[in-house]
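Q: Produce the complete structure using the sequences and hints provided.
Chain order of the listed sequences is A, B, C and D. Under my numbering, the residue at position 110 of the first sequence is numbered 606, and the numbers go up by one with no gaps. Under my numbering, the residue at position 223 of the second sequence is numbered 719, and the numbers go up by one with no gaps. Under my numbering, the residue at position 13 of the third sequence is numbered 509, and the numbers go up by one with no gaps. Under my numbering, the residue at position 53 of the fourth sequence is numbered 549, and the numbers go up by one with no gaps.
One or more hints might be untrue.
No copy labels: a pair is met if it fits in one copy or bridges any two.
Capping the alpha-carbon separation at 27 Å, the derived lysine-lysine pairs in BS3-like fashion look like this [to be verified]: (1) Lys634 to Lys573; (2) Lys531 to Lys700; (3) Lys573 to Lys531; (4) Lys531 to Lys702; (5) Lys702 to Lys634.
FYI, nobody ran anything at the bench for these hints, they're computed from the structure.
4 protein chains.
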Amino acid sequence: MTDASRLHNWGRWGSDDEIGTANYLTPETIVAAAKLVRRGLVISCAIPLEEGGPVYPTRIQPKHVMTSTGADFAAGKPGSGRVPEGGIKFADDYIFAALQCSTQWDGLAHAWYGSQLYNGVAETEIRGTGAHRLGIEKLHRHFVGRGVLLDLPPVINQGARLAPGYPITADDLDRVAASEGVAIESGDIVLVRTGHLAWFYELKDKREFWQGAPGLGRTTVEWLHRHEVAAVAMDTAAIEVQPCETPGATLPLHGALIRDLGLTLGELFTLDALADACREDGRYEFLFVEPLLRITGAVGSPLNPLAIK
Amino acid sequence: MTDASRLHNWGRWGSDDEIGTANYLTPETIVAAAKLVRRGLVISCAIPLEEGGPVYPTRIQPKHVMTSTGADFAAGKPGSGRVPEGGIKFADDYIFAALQCSTQWDGLAHAWYGSQLYNGVAETEIRGTGAHRLGIEKLHRHFVGRGVLLDLPPVINQGARLAPGYPITADDLDRVAASEGVAIESGDIVLVRTGHLAWFYELKDKREFWQGAPGLGRTTVEWLHRHEVAAVAMDTAAIEVQPCETPGATLPLHGALIRDLGLTLGELFTLDALADACREDGRYEFLFVEPLLRITGAVGSPLNPLAIK
Amino acid sequence: MTDASRLHNWGRWGSDDEIGTANYLTPETIVAAAKLVRRGLVISCAIPLEEGGPVYPTRIQPKHVMTSTGADFAAGKPGSGRVPEGGIKFADDYIFAALQCSTQWDGLAHAWYGSQLYNGVAETEIRGTGAHRLGIEKLHRHFVGRGVLLDLPPVINQGARLAPGYPITADDLDRVAASEGVAIESGDIVLVRTGHLAWFYELKDKREFWQGAPGLGRTTVEWLHRHEVAAVAMDTAAIEVQPCETPGATLPLHGALIRDLGLTLGELFTLDALADACREDGRYEFLFVEPLLRITGAVGSPLNPLAIK
Amino acid sequence: MTDASRLHNWGRWGSDDEIGTANYLTPETIVAAAKLVRRGLVISCAIPLEEGGPVYPTRIQPKHVMTSTGADFAAGKPGSGRVPEGGIKFADDYIFAALQCSTQWDGLAHAWYGSQLYNGVAETEIRGTGAHRLGIEKLHRHFVGRGVLLDLPPVINQGARLAPGYPITADDLDRVAASEGVAIESGDIVLVRTGHLAWFYELKDKREFWQGAPGLGRTTVEWLHRHEVAAVAMDTAAIEVQPCETPGATLPLHGALIRDLGLTLGELFTLDALADACREDGRYEFLFVEPLLRITGAVGSPLNPLAIK
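A: If you want it as structure tokens, here you go:
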């Protein structure tokens, strides 16, 4: 059960609901979002998925492997068939990776507290064979909507990246939205930029990156709930501030957002190019399309989110 | 070198071009595509990515593995931190998979003949360390455009799925487009439905599925080139007809399209739900957004393509 | 708890024991086994570990991948260092595989019934993070001993492989031992040949191989216990007869042997060359050395068992 | 071609030979080695194969994953079959790992210089599909023989581990052998202990471990060749001294040993327990059995080498 004094959406969309705040994405919000396309400019929010990237210390690096290469054919491997001469040649590849090894989405089966996940799903439903409820495949037709970028550094920190440990408040979000002249609407996919991610690529010793991060603080939970935000994504690895504001707590907003609100999260989104483009045309709202891979029973997914202005 | 008598786009977008016909996607085509959104209906063209799916016989099945589960916590694994009580709990997962194990994209480094790939890139550039040129990451900001569905069975085969070995002709494509009242435009992403994929899920012995398939025949190469199609995707595993029309040839259109035209391909797209929706509202054009994963040096990518009506 | 009417070794070697019948391997048995080496002939019982091998239908094929090849260097990748000229070149590789994808060992954490494994270990000790008790690494200094080959076909079936579904009895084992002039001793590693494995490589449709197999029947449990056999290995995928003798049961001997007796098992051992060598010199006892990989928390291991005559 | 002024074994065992100095292992040497077993004591030279171990910086950590666990069954997954009650339960696992991620063997296809490997094999034979010549499977019936431990620290460095960068000389090896009262014989598997590996487990910052290591220096090549050593293994990651004695060279002994002599190498062997046992009984020779996994086309293999005294 969930604590009635905590904000939550259990039962809001029915006792069998498995998509949480993705329910705020409606045909109307999608039609309105499409109308935001003016320039025909596409900006990806994905970082390169490769070895050496910002993989959370509890996971191992992804490994991309080639099983057939041009070098093999140059070395004498024959092509297939007689036409064209020499046959057709194919390169092929595999990957071994944590689904959350790069720009990633946390699904509803990724985090919880107590013995239940979002909407009362028993934790025993998440097993060796995968997430039997709340799997990421339940969200495979979603996450098309109005994207809003809240670019914090220019407003909150004179343009500099927010410091590790800085807890973003609801006030911060409101100030930035006001400064940008954008209003948050039901069904929005809110992208919050801190500037933190670029720091990873500047560091010589990457271990520093994991010592702490700016991120959402506790006052943002009510804000996200009140605004009926469909999803939130950031340019940090864990969305919420680290170390946590509450002594002794570990990533409590993952519980408040994913488990209680049914609000899923995007992490390690690169938002610098998007921020540049928004600053350029003064518009911080756009069509946002970020399909998750339809992996049965997965709790997370890699993705390549696209902002379309 | 490429045979001057063959249709090709080498040099068309410069000698260093690495995205081929994705160049047909322009801000104008994207703005126009966004205007096609009327209903706010999102349809995914991804099949489930799971064991037991239609994996080409030259590859092995994908394996999704859980590294932390709700069952583990129920079995006594402690959560993290002291707040909330019992700590936060995380489920996590990994995957080992051929990048082309499910709904997939063939990049420009996936297929060629002779010793050069698209735009004269030496095959030795595709090595154990990946595709050093023409990698799929070069296409990570693309594939947003006007999608057009050419649903062949209703027009070509009385609604029944096309038979294995049926070579689709340029005339077939024209007939269907005319029947649907849709005109192909430069920069379009053309989706061709044969009905073949559903057959995989009906078969008891899946090996039958790989004996042959309907697909594009040789006359479609000039058609795709003339129409300046940005990409083509189908509900088959290999796009082109199998067995091939030309005796002794193996998948020659992969050479003609990917290598010569620089036209990349989508395979194992499920198009049945999209066809139903198009039939319902009579509109076979829509916004199509299909981001590829930004995997450095990859030759293919899994994806979840979304049609937005 | 275990049923007192069933044969078992719980508590026999202490309540904390995690190696079961490997306890029968003593310095004395090892010294005696080494004395059996006469010819200096080494015979491996491992089948090739490669794609296309006899992988149990519940698992996927192993995938061996090269991350650096000679072809890459021939294609232009530079060697390392200036000496010797051109530098040193390295090929390197990885594997993704079920630990029981080929010639394999079933550890004490692999099989059980009820809520406890061998020696009363709670099943909750076997979690997403591995086997916290009874892991295969507990057996990494074991399995050196006197090997005895019981070659059944010549005695039981006129030299032909045993038929699928044939339940090997204690009497069968005694008859063969007597015919070979070999007595089973405490601490022996008993290898039982049925001839079944070679059939896999003859079959055109490999799926037939999984329809049934000869194997140990229920009377062998007491025989193995009475003889204080340290381990048993066979040229089948599952040791015990399939389909099972008991209607409705699935692999019950895995429970009787692994869970109750603490007797671990080797599967998919190729015993044909060993049988030939034994027939040649008339000696069916030999030094047997079969190290398991020291994989922390694993429940199984691939291996290459060696018989030394 | 190989430089005639360099020591080499090309052609020594025929132009098609693919096992190099493993040819020194003969029935006679194996029979004699078995006679060395006196105590019946088995000592493993394998370190734990697990995440966090000493993986060479060019590789990624191994990942052991469970696909079925006791926790899953405790969470409600049913066992198989009706007998015994509740059915049989199986835990199962997979691994993704560099074949040289832990205690490992370097095969003849692992290292070379110029365009040829051992015995003139063209480097193009080592491709995306594996090592078509010199694969590690060629050595699957080998490496049973007389093991000799040369424990350097007590003789060379007052018992302390050798320092990073210390080049072991032929004289060092002779001194230690003399001190131990052991003579090197044709077909021996020589284990050289430096004490370096234990340092990895003491270090807080593991990156220090890779800054340099003690190891074989150039004078040992002739020594190994003259003594007809079948294989050499050490408690370091790369056998030879790092940084190299020769400025600008990178791991040149891998070329001199593997490519020129056809002498394969074992790395990351833990030799501390073995050294203790040898010091205890004063005997530095023993039966040594170290089977490699029979992985088709592999260039390396994990293993669990056993010394039997």
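Q: Work down the list of hints and note, for each, if the structure agrees.
A: Cross-check of the supplied hints:
1. Lys634 to Lys573: Only across copies: lysine 634 and lysine 573 sit 22 Å apart there, 43 Å inside one copy, limit 27 Å.
2. Lys531 to Lys700: Cα proximity of lysine 531 and lysine 700: none, with 43 Å in one copy and 46 Å across.
3. Lys573 to Lys531: neither (52 Å within a copy, 48 Å between copies)
4. Lys531 to Lys702: This pair counts as neither: shortest intra-copy Cα distance 41 Å, inter-copy 44 Å.
5. Lys702 to Lys634: between (35 Å within a copy, 26 Å between copies)
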